[in-house]
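There are 2 protein chains.
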Amino acid sequence: MEIHPYLTTKTLVPENQESPIHFLRSQKIFPLPYFYRRNHFSYPFLLPNLYYLTIYGLVHHPSYFHLEQLKLMPSKSFVIPLECAGNQRDKFIPKVFGEQWKGGAMSQAEWKGVPLKDILSKACLQKDAKEVVFIGADCGRRTDTVGVFYYARSLPIAKALHPDTMIAYECNGQPIPFKHGYPLRLIVPGWYAMASVKWLQQIIVIDQPFTGPFQAVDYIYYPHKNSDANKKPVTTINVNSLIQFPLDFSIHDTGTIVIEGIAWTGNGVITQVEISVDNGETWKEATLASQHDEPYAWTQWSFVWEAYEKGEYIILAKATDSSGRTQPFAAMWNRKGYGYNAVQKVHVKIE
Amino acid sequence: MEIHPYLTTKTLVPENQESPIHFLRSQKIFPLPYFYRRNHFSYPFLLPNLYYLTIYGLVHHPSYFHLEQLKLMPSKSFVIPLECAGNQRDKFIPKVFGEQWKGGAMSQAEWKGVPLKDILSKACLQKDAKEVVFIGADCGRRTDTVGVFYYARSLPIAKALHPDTMIAYECNGQPIPFKHGYPLRLIVPGWYAMASVKWLQQIIVIDQPFTGPFQAVDYIYYPHKNSDANKKPVTTINVNSLIQFPLDFSIHDTGTIVIEGIAWTGNGVITQVEISVDNGETWKEATLASQHDEPYAWTQWSFVWEAYEKGEYIILAKATDSSGRTQPFAAMWNRKGYGYNAVQKVHVKIE
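Protein chains in written order, with the UniProt record's numbering: chain A, 1 to 351; chain B, 1 to 351.
The set of hints was computed from the structure by calculation and includes no laboratory data. Among the clues, some could well be false.
Unchecked claim - Think about it this way: if two alpha-carbon atoms lie no more than 20 Å apart in a straight line, the pair counts; the simulated SDA-like pairs of lysine to any residue are:
#: 1; chain 1: B; residue 1: Lys349; chain 2: B; residue 2: Glu260
#: 2; chain 1: B; residue 1: Lys349; chain 2: A; residue 2: Lys310
#: 3; chain 1: A; residue 1: Lys225; chain 2: A; residue 2: Glu99
#: 4; chain 1: A; residue 1: Lys310; chain 2: B; residue 2: Gln202
#: 5; chain 1: B; residue 1: Lys310; chain 2: A; residue 2: His224
#: 6; chain 1: A; residue 1: Lys179; chain 2: B; residue 2: Glu260
#: 7; chain 1: A; residue 1: Lys349; chain 2: B; residue 2: Glu2
Make a model of the complete structure from these sequences and hints.
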């Protein structure tokens, strides 16, 4: 009798579905059907044979590239977790509006492509270039403004020129699946995935901050409910962890329980994961799996817990990265619910 | 581009997956792949050609029936919602341990079978018969006791003899899918679905209360956390409703929003569904769809809301049935989290 996990449906139009991440333990790379799907609009209509990536604006050589040309250029590939900025939004207290993502607005794959800097270098940036705008083929209306918008995001020049920021054309050794950006997707390692624009069609170099709604309205941390004071853009992935097993509010027999999960960061590598099985009174270190020289991949961890005494327990997991960041006990609340990264908490009953 | 909802995975062993009930609006009968799956154990191994339903105990004519024999007997069919007693368990406050079902531990299908009373009549009940025990083919261990148990439940004689309690062999016009009880499943209209034993193999008539763990330990309302005082068995489905659209904490444009959902009860029919869009200050009646003479089917309802003013709203839905029961504002808390049926509450933001 075959038993499979499934994506969890959040909305169908646009399609937003979570990865069954708790049921994909010890999988460094997720099968593509289990990759989470997050869209702002309906899927775009593309004519692949006529598909060119154009680059213009403040460049000396406005140009365009066909997928086949890009494949002939030197490439890089990395195992990269993509995490929606709204992942775990459902855990904010007070609750915030928006897709109620639990832990599965996140998946990991091997992405292969051409360093963006090589493309920019061919186009030859002008001296006053400040930002690079990336425009996808998907477009539609918003609930908060009148008009039709393409999904578009910018990067500051420094991030655009980072040697690992890439125009990807392969995912797990295959052409990128259509739902995940075929034929070309920008991949920005270390940033939340709103930066990794799917169905990338146009690159425009500009000399001022980009003000499209997905840059200047969404993907902004607003710390206050009724004012925009102290807002700042969502960029680098926070240090974070997920307990994949056991599940929250699950019931177990007495005996050995292997607590398992992943930890990740957009700034360096994970150096430590601490586990508490007594709601934070005492902590012990989890065992971290080897990263095999993958600088961006999440770190799998495990912790053997001898649960011989019946009762209710609260298990916590707390990750620390090489930049010195540690998960906070409470996530920084913000009105749109981005960047949740509080210490993980799972309730279990041993009976 | 095809977009489908999926089951939501709760556990894989045993398989427990929720129906994407919010995305199956206006579907009186769910496609079987979208039927929720709720198991206590791994799937059983059956040898269908050797499959007989045996009936023994306090009967004058102990006997057995093959599926093909049952198909030749007079049959009944009804559209019946099956609802797990733990449906919406995730909403109890304080939280309770167990599968964290949201609203989708519930599905509706057309079930066809032989009235159980006809089988009991052929076997001829003895005078001191008090309960009828139904044993499925699935078995395994429990976390709270030593030993291996079959999944087994009993009915009092009166419910067993109810003309609509049936031994089903078809679901939506096909043989029952294996995961839902092939070849034979007891169907008990009006009771929570723990009573509708899958892979039914044995029927035993007894003269005292059945004390198997799925009868005397599980599926009991325990109103207190640390004592078993005032416990009572889970039987009839509570009057209840579900708001399928809009989704909780979703964001919408100003304009007309059709609030849609279902209401159901194990005791009579739904007579009224009231909707509030101001967190209970004012109420209006929803429009109920015709039941087409289906005595057990859930009732689809809808309510047109002119949401012209921006802001945050709390939508409530409250159903009443023909037995005079109305959904309470707080569900009766119980330690194992059964029978949640509080007034539905959905938060939306109009912007």
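message = Tell me if the straight-line CA distance from Lys310 of chain B to His224 of chain A falls inside 20 Å.
response = Holds: Lys310 of chain B and His224 of chain A sit about 19 Å apart, inside 20 Å.
ask   = Keeping to a limit of 20 Å between CA atoms, is the pair of Lys310 of chain A and Gln202 of chain B held or broken?
value = violated (35 Å)
key: Pairwise hint evaluation, Glu260 of chain B against Lys349 of chain B, where the allowed Cα distance is 20 Å at most   = Status holds; Cα separation ~17 Å.
task = Assess, step by step, whether the Cα of Lys179 of chain A is no farther than 20 Å from the Cα of Glu260 of chain B, and give holds or violated.
result = violated (29 Å)
ask   = Is Lys349 of chain B close enough to Lys310 of chain A, meaning Cα to Cα at most 20 Å?
value = violated (43 Å)
query = Holds or violated: Lys349 of chain A with Glu2 of chain B, Cα cutoff 20 Å?
reply = violated (41 Å)
request  = Take a quick look at whether Lys225 of chain A and Glu99 of chain A sit within 20 Å of each other, Cα to Cα.
outcome  = holds (18 Å)
The structure fails hints 2, 4, 6, 7 (numbered hints given earlier, in ascending order).
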